[in-house]
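S.K.: Sequence:
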Amino acid sequence: MSTTYVVVTVLGAVMAGFSAGAVHFRAEWVVRPLAEYGVPRAWWPWLAAAKAAGAAGLLAGLVVPVIGVLAAAGLVLYFTGAVITIVRARWFSHIPFPLLYAAPALASLVLAG
Numbered sequence: 225m226s227t228t229y230v231v232v233t234v235l236g237a238v239m240a241g242f243s244a245g246a247v248h249f250r251a252e253w254v255v256r257p258l259a260e261y262g263v264p265r266a267w268w269p270w271l272a273a274a275k276a277a278g279a280a281g282l283l284a285g286l287v288v289p290v291i292g293v294l295a296a297a298g299l300v301l302y303f304t305g306a307v308i309t310i311v312r313a314r315w316f317s318h319i320p321f322p323l324l325y326a327a328p329a330l331a332s333l334v335l336a337g
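In my numbering, the protein residues as written are 225 to 337.
No lab work stands behind these hints, which were simulated from the structure alone. Please note: incorrect hints may appear among the correct ones.
[To be verified] Simulated restraints on C-beta separations: (1) 249 x 301: 30 to 40 Å; (2) 311 x 334: 21 to 31 Å; (3) 314 x 255: 11 to 21 Å; (4) 290 x 316: 35 to 45 Å; (5) 261 x 238: 18 to 28 Å; (6) 253 x 311: 29 to 39 Å; (7) 280 x 334: 33 to 43 Å.
Backbone N, C-alpha and C define an ideal beta-carbon position, used for all residues, glycine too.
My request is simple: use the sequences and hints to build the entire structure.
M.R.: Structure follows, in structure tokens:
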């Protein structure tokens with residue numbers, strides 16, 4: 225296990241955990257766009273839980289690699305869905321935000337292989 229893999233994985237976990245907390249605690253700068261994209265409010269806790277599980281899975285993957293690979297793949301799929309949601313809502317200027325969160329998860333996935 226390389227130092228680069230550990231650093232990228234921990235960074236991805238911290239970023240996903242931060243994003244999960246921002247949704248869970250209803251940070252205005254996060255939930256206002258969610259509402260504007262048309263994401264139902266009832267989904268928000270599930271979205272936060274998915275990101276938190278991904279963050280925990282990335283960290284667990286440092287001990288059990290298959291869990292990290294699955295968590296990284298799940299986070300990449302999650303943030304791909306976020307990009308699709310933003311495109312459907314025609315908020316093209318917001319596309320970079322989920323890509324920034326997906327980048328360390330994708331890098332972790334690549335470095336794990």
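S.K.: Work down the list of hints and note, for each, if the structure agrees.
M.R.: Evaluation of the provided hints:
1. 249 x 301: 30 to 40 Å: 24 Å, violated
2. 311 x 334: 21 to 31 Å: 24 Å, holds
3. 314 x 255: 11 to 21 Å: 19 Å, holds
4. 290 x 316: 35 to 45 Å: With a Cβ separation near 36 Å, residue 290 and residue 316 satisfy 35 to 45 Å, so the hint holds.
5. 261 x 238: 18 to 28 Å: 24 Å, holds
6. 253 x 311: 29 to 39 Å: 20 Å, violated
7. 280 x 334: 33 to 43 Å: Distance hint for residue 280, residue 334 is violated at roughly 20 Å.
The structure is inconsistent with the numbered hints 1, 6 and 7, although it conforms to all the rest.
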